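Now for the letters of each chain:
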Amino acid sequence: DGGITQSPKYLFRKEGQNVTLSCEQNLNHDAMYWYRQDPGQGLRLIYYSQIVNDFQKGDIAEGYSVSREKKESFPLTVTSAQKNPTAFYLCASRARGSDTGELFFGEGSRLTVL
Amino acid sequence: AQSVTQLGSHVSVSEGALVLLRCNYSSSVPPYLFWYVQYPNQGLQLLLKYTSAATLVKGINGFEAEFKKSETSFHLTKPSAHMSDAAEYFCAVSDQSGGYQKVTFGTGTKLQVIP
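Here the protein sequences line up with chains W and H, keeping their order.
Counting from 1, one number per residue, gives the positions in the first sequence under my numbering.
Counting from 115, one number per residue, gives the positions in the second sequence under my numbering.
By construction, these hints were calculated from the structure, which means they are not laboratory data.
These numbers come from a predicted model, not from an experiment.
Don't take each hint at face value.
As the list claims (entries may be wrong) - Cβ pair distances, simulated, as ranges: (1) H:Ser128 to W:Lys71: 45 to 51 Å; (2) H:Met197 to W:Arg13: 34 to 40 Å; (3) W:Glu62 to H:Ser128: 40 to 46 Å; (4) H:Lys183 to W:Gly16: 48 to 54 Å; (5) H:Glu178 to W:Gln17: 30 to 36 Å; (6) W:Ala61 to H:Glu178: 35 to 41 Å; (7) H:Pro229 to W:Lys71: 44 to 50 Å; (8) W:Pro8 to H:Pro229: 18 to 24 Å; (9) H:Ala131 to W:Asn18: 25 to 31 Å; (10) H:Asn175 to W:Asn18: 36 to 42 Å.
Cβ coordinates follow ideal geometry from the N, Cα and C atoms, glycine included.
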């Protein structure tokens, strides 16, 4: 079945460490997104990519980095510069030609900084 | 800039009662509107979407929403709540912004269903 796979599901990190969250999709979608979810704040856009080798900052990009070397993959690195990284991270994708903006989501990764 | 307001961060209903979750949007252009559902520690799943074809939109699991342009609203309803409807619901608006399809989410409403 086609879908989006995020890993790991749960991740613990010590302060000062970088961590990379994986996002892989086999939907053949061009656009991919990373959102951060905190209780009571909805989803906030971190980065997005519309095509391979191109990506743009979202609303809260500071302390995060991404790459888009393959269409299927859009990993997110949470760096030590991110002041409050504990959150639930969601990866999403959108099909080419989907001008409605409908997004397909992965199951999420919960990051806890100890 | 587009925005979405969901009234009530928590809503409780009895099993079998009407579910009404409120969503108001602001957008400078005709929007596309969505309702997503999220179960604990899972991703978001699309419930329904408005794309201007019809103002009353039917979705999965018996949910529906009505687009009212004059009220800039897109409230989600279900005639009879089921225990399995307990989840968090997000309203979202999408339009073209800066050359890409920007999606803005509301802050979510947690629905509790009381037996």
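Evaluation of the provided hints:
no., hint, verdict
1, H:Ser128 to W:Lys71: 45 to 51 Å, "holds, 47 Å"
2, H:Met197 to W:Arg13: 34 to 40 Å, "holds, 36 Å"
3, W:Glu62 to H:Ser128: 40 to 46 Å, "holds, 45 Å"
4, H:Lys183 to W:Gly16: 48 to 54 Å, "holds, 51 Å"
5, H:Glu178 to W:Gln17: 30 to 36 Å, "violated, 47 Å"
6, W:Ala61 to H:Glu178: 35 to 41 Å, "holds, 37 Å"
7, H:Pro229 to W:Lys71: 44 to 50 Å, "holds, 47 Å"
8, W:Pro8 to H:Pro229: 18 to 24 Å, "violated, 35 Å"
9, H:Ala131 to W:Asn18: 25 to 31 Å, "violated, 48 Å"
10, H:Asn175 to W:Asn18: 36 to 42 Å, "holds, 40 Å"
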